[in-house]
Amino acid sequence: MRRIVVALILCGLIGLIGFSAASAKTTLTFVSYFDVSPEATWPAAAAHWMMADKFMKANPDVEIQFLFVTFGELVPQVVRWTMTGELPDIVALDNPDVLHAAAAGVYYDLTPLVQQWGQWDDFYAGVKHALTYQDQIVALLPGTNNVALYYRKDIFRQYGLTPPRTWKELLDVCALLSEKLAGTGMYPLGVAATNTEELTWQFEPFLWSNGGSLLELDKPEAIAALELWVELFQKGYVPQDALTWGQGADPFIGGQVAMMINGPWILPLVREAGLEYGIVPIPAPSEGRKVVVPMGGETLGISSTIQADKVAIAWKYFTFFVEPENMAEFCTRAGYVPTRKSALPLVVAKDPELEPFATQAVSSLPRPPMGGDKLYTEVSAIARKYIQLALAGELTAKDAFAHAASEIRALFPTDQAYQDAVAKARRLLEEVASGS
Amino acid sequence: MKGEKWNYLYLLPAILCCLFVLIYPLFYNLQMSFREVTFVTLTRGGSPWVGLSNYRSTVHNPVFLRVLFNTLVFWLGSVTVQFVLGFLLALLFSKSFPLNYFYRALVLLPWFIPLTVSGTVFKWFFSGETGLINSLLLGMGLISKPIPWLTSPRLAIYTATLANIWLGIPFNFIMLFTGLQAIPIELYESARVEGAREWQLVRYITVPLLKPTIFLTLVLGSIFTIKVFDIVWVLTGGGPGEASHILTTWAYSLAWQRFRFGEHASVIGVTMLLISILGCLLLFVRRHWRAE
Amino acid sequence: MRREKRARLIRFVVATVFVVLISIPLYFAIIAGMMELSEIARRPPYLFPPNPTLTYYRQIAPLMTRPLLNSFLIGICIACITVCLAPLVGYGLAKLRLREEVKGAVLGLIFLLQLLPGVSMVTPLFLVFYKLGLINNLWSVIVAIAAGQVPFVSLILATYMASGIPNELIESAYIDGASSLRAFRSIVLPLARPALATAWLLSFMAGWGDLLLSMCFVQNKSLYPASVAMMAYTTSYGTQWNLLMAAATLYALPPVFVALVAGRQLASGLLSGAIK
Chain A
1 MRRIVVALIL
11 CGLIGLIGFS
21 AASAKTTLTF
31 VSYFDVSPEA
41 TWPAAAAHWM
51 MADKFMKANP
61 DVEIQFLFVT
71 FGELVPQVVR
81 WTMTGELPDI
91 VALDNPDVLH
101 AAAAGVYYDL
111 TPLVQQWGQW
121 DDFYAGVKHA
131 LTYQDQIVAL
141 LPGTNNVALY
151 YRKDIFRQYG
161 LTPPRTWKEL
171 LDVCALLSEK
181 LAGTGMYPLG
191 VAATNTEELT
201 WQFEPFLWSN
211 GGSLLELDKP
221 EAIAALELWV
231 ELFQKGYVPQ
241 DALTWGQGAD
251 PFIGGQVAMM
261 INGPWILPLV
271 REAGLEYGIV
281 PIPAPSEGRK
291 VVVPMGGETL
301 GISSTIQADK
311 VAIAWKYFTF
321 FVEPENMAEF
331 CTRAGYVPTR
341 KSALPLVVAK
351 DPELEPFATQ
361 AVSSLPRPPM
371 GGDKLYTEVS
381 AIARKYIQLA
391 LAGELTAKDA
401 FAHAASEIRA
411 LFPTDQAYQD
421 AVAKARRLLE
431 EVASGS
Chain B
437 MKGEKWNYLY
447 LLPAILCCLF
457 VLIYPLFYNL
467 QMSFREVTFV
477 TLTRGGSPWV
487 GLSNYRSTVH
497 NPVFLRVLFN
507 TLVFWLGSVT
517 VQFVLGFLLA
527 LLFSKSFPLN
537 YFYRALVLLP
547 WFIPLTVSGT
557 VFKWFFSGET
567 GLINSLLLGM
577 GLISKPIPWL
587 TSPRLAIYTA
597 TLANIWLGIP
607 FNFIMLFTGL
617 QAIPIELYES
627 ARVEGAREWQ
637 LVRYITVPLL
647 KPTIFLTLVL
657 GSIFTIKVFD
667 IVWVLTGGGP
677 GEASHILTTW
687 AYSLAWQRFR
697 FGEHASVIGV
707 TMLLISILGC
717 LLLFVRRHWR
727 AE
Chain C
729 MRREKRARLI
739 RFVVATVFVV
749 LISIPLYFAI
759 IAGMMELSEI
769 ARRPPYLFPP
779 NPTLTYYRQI
789 APLMTRPLLN
799 SFLIGICIAC
809 ITVCLAPLVG
819 YGLAKLRLRE
829 EVKGAVLGLI
839 FLLQLLPGVS
849 MVTPLFLVFY
859 KLGLINNLWS
869 VIVAIAAGQV
879 PFVSLILATY
889 MASGIPNELI
899 ESAYIDGASS
909 LRAFRSIVLP
919 LARPALATAW
929 LLSFMAGWGD
939 LLLSMCFVQN
949 KSLYPASVAM
959 MAYTTSYGTQ
969 WNLLMAAATL
979 YALPPVFVAL
989 VAGRQLASGL
999 LSGAIK
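Residue numbers (my numbering), protein chains in the order written: chain A, 1 to 436; chain B, 437 to 728; chain C, 729 to 1004.
Rather than coming from a laboratory, the hints here were simulated on the basis of the structure. Please note that the accuracy of each hint is not assured.
[Unchecked claim] Cut-off 30 Å, straight-line C-alpha distance, at most; resulting in silico cross-link-like pairs (DSSO-like, lysine-lysine):
(1) K949/C - K54/A
(2) K310/A - K949/C
(3) K581/B - K180/A
(4) K733/C - K663/B
(5) K180/A - K647/B
(6) K647/B - K831/C
(7) K949/C - K316/A
(8) K663/B - K831/C
(9) K235/A - K559/B
[Claimed, not checked] Which residues of chain C face chain A? A few of them, derived with a C-beta cut under 7 Å, are:
(10) R771
(11) L791
(12) T793
(13) F854
(14) S914
Ideal Cβ placement from N, Cα and C applies to all residues, glycine included.
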């Protein structure tokens, strides 16, 4: 009996807690996979708070309420919200997911607002592609990231090495380091080769810079890229454990590797660890070739279910966010790089170490159009499955990609659809890779 | 007896609960398994009915047999070892010794530690040359080369099973320990008076009287093991190269990595079928028990 | 007497070894909370923190208070609801003379409930609770989990009652004119105490350990339980291990106390002199 009473009291308590106080302010709900709050310690989360705080101070009648869903659950949760017809006002999805979300009707069409705003052309070509769905602009990208090569300056100095700029130089440096570092437990190079999108994303710079395409993996350009990675693994330059590594900073700051392919988001952590480090662009296939990297970063989108009278204030937040100075501040705080030309010099001035990432970002490409648009996630899943099998030594690079290519071709309903996708990918690659 | 018809009301809470959280989700998943569902049709509706086509794709998928094999290994390996360890622990803890109370709570630790954390710690344990387990084995001279626990497509599923054993000990322990409490002490005492030894007590008193609990523990343990998702996902993600997928992780990857929701639902359907077959088999075994 | 003492000692040693082995992951979590990220990342891993610091624990503790409280509320409510309802069902299944077909059907229904993996239930349940207007209220989580626990726990209670409570006791109560409810309250419930303690613990843990439902059903950050709040320290770009592990340690400790309390009820027969 007593238990029932206690339970009822607690029930009442919870019922109370469940209701949030009504406020006179306009509330914008903002969902992302960062836990944004004043106490946030993760750089990107803290940066989001900084921007929101600045905006709220300038617009005291607005309150931005942050919701948090973990990375793996954000897309499923957005789907659930769409099914009920009540999404949070602002949705910050990872940019490759924008395509599917737009098709599912998640976004409010920003095109008229953007046209009125007139600053669209300041954004990089790849960025504009990434945010457009069927000629509608559905989101903005306030910051982007990609991967470059981190290396330990102290170790390079010790052995008189210069950071590699081409694939051949990379292999040479690794060979030397492998010899010198034998027995210390440190490996020459680390990559993220785990069974997730992280692997495809780290492989794509090598694939695309060599002129390869995810949709034509059985071509020599793609196989060459995989053979490079296979060699790195088989010669022991990269530890087998990398097959379980994500893109965290741990192997680099823990001293497990002398070089690591990673992005600007670990820069704050690397600095905190007190290492002597340097950053150079991803090694190109050969001297003079341009490095093409995939585009990272979370977008800002207004949901289609937002109340009509809130659209203006949400858009005001967006334009505030992507103003060059604000974008620069956000990027340096978060460890991202800008997506528009006028913000580039500001960011590089604030934090010169972001320069390799910032320059690579100018010619970065969104991933879905490079892999069959809606089919990209499947293409990526197939590609990385076979990449992993090749790296683990189960298949040769050639066989692995032969299998992958045929499975990927089979995804397309018609051969015409496949050819169209291939052509689209090639077009985008040329657009960006031409010029140096 | 007065009011016997009202006695059916006792069962009402379970019926209501089941209907509430069972019927709609079950129906939702089943109907999704008979449709072709894409990202767009999932949210906007209008998925076309395709009958058994999803099931056919699932069964014909080259990965399917491997996934079934992995699930079988995972299930058998986990349940048997978890059960034995849980049983031994329950026996051990049913006698008094110092700190018995305190230890009993600590044995439940695998339950209390969040899966993301324990998954990660196990990942550290099982990593390449410098993971704890390889360092120990190398240091003790038991192996000469580090074992690729998580990076070998062949070994990965066994490693995940090992981690799952650790996770499952609390459940087995607490079920069997509770069951032991139901056995009257007098039975043991009178048997002891007649000169029975410890292992005889276990064999002739404990096990027979514990049979219903043992049965329940094995059945529920099996069901829960087949439904496990997180530990395998955190440890291997189904890799390398889809080599360590079990039914649940494969279903998840079909849904959220490939956006094939219909096929995802059909894999869930296959999982449910498997569990049902298991349940029926065990019920059959139980009836055989009862007849004894 | 000496043999008895030696036996106790042996059991103690065996139990200690086992407890130490099973706690190893927790140990690593605890020390990770006391190290810098670069120290945690070092391979081979440190077995002791080289420069132990409580900074991260101190940083995490205030941030975790509200979430831990939320976890507690969720766990306790679920446990109380379950322990109020499940014994009734267990009694009905195990002790009452009801038609076998009905019992079989209920058992089948309970069994059917166990088939679905939790991950598959989130979306449909989300839709249901949305229609009920309970989204953004901890009640949705509590009701959803409790509704899943009642059938499952009923099975455990029924099994216990079937073997652990002699039918003769109940029969004699009936003969004395008691109703089924009276028999339930005065005979079955007291004798089922160990199973009730286990039931309470199992349902509490179901609530305490829930991550997915809480995260998806509740959109108010102040209502997030500790399991969700902890996830702030891990992102797709990497994890702040020290903060995560510190939070996880704080999150793992309350259940230990709950288990200790439940354990008292569970084996109350143990220390009353007799040794099994």
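Against the structure, the hints:
1. K949/C - K54/A: At roughly 21 Å apart (the allowed maximum being 30 Å), K54/A and K949/C satisfy the hint.
2. K310/A - K949/C: holds, 22 Å
3. K581/B - K180/A: Status holds; Cα separation ~21 Å.
4. K733/C - K663/B: Since the Cα atoms of K733/C and K663/B sit roughly 44 Å apart, the hinted pair is violated (cutoff 30 Å).
5. K180/A - K647/B: violated, 63 Å
6. K647/B - K831/C: holds, 20 Å
7. K949/C - K316/A: holds, 25 Å
8. K663/B - K831/C: Holds, at about 26 Å.
9. K235/A - K559/B: Holds, because 24 Å separates the two Cα atoms, which is no more than 30 Å.
10. R771: holds, 5 Å
11. L791: holds, 6 Å
12. T793: Cβ of T793/C sits 12 Å from chain A, so the hint is violated.
13. F854: Holds - the Cβ of F854/C comes within 7 Å of chain A, reaching about 5 Å at its closest.
14. S914: violated, 13 Å
The structure does not agree with the numbered hints 4, 5, 12, 14 stated previously, though it agrees with the rest.
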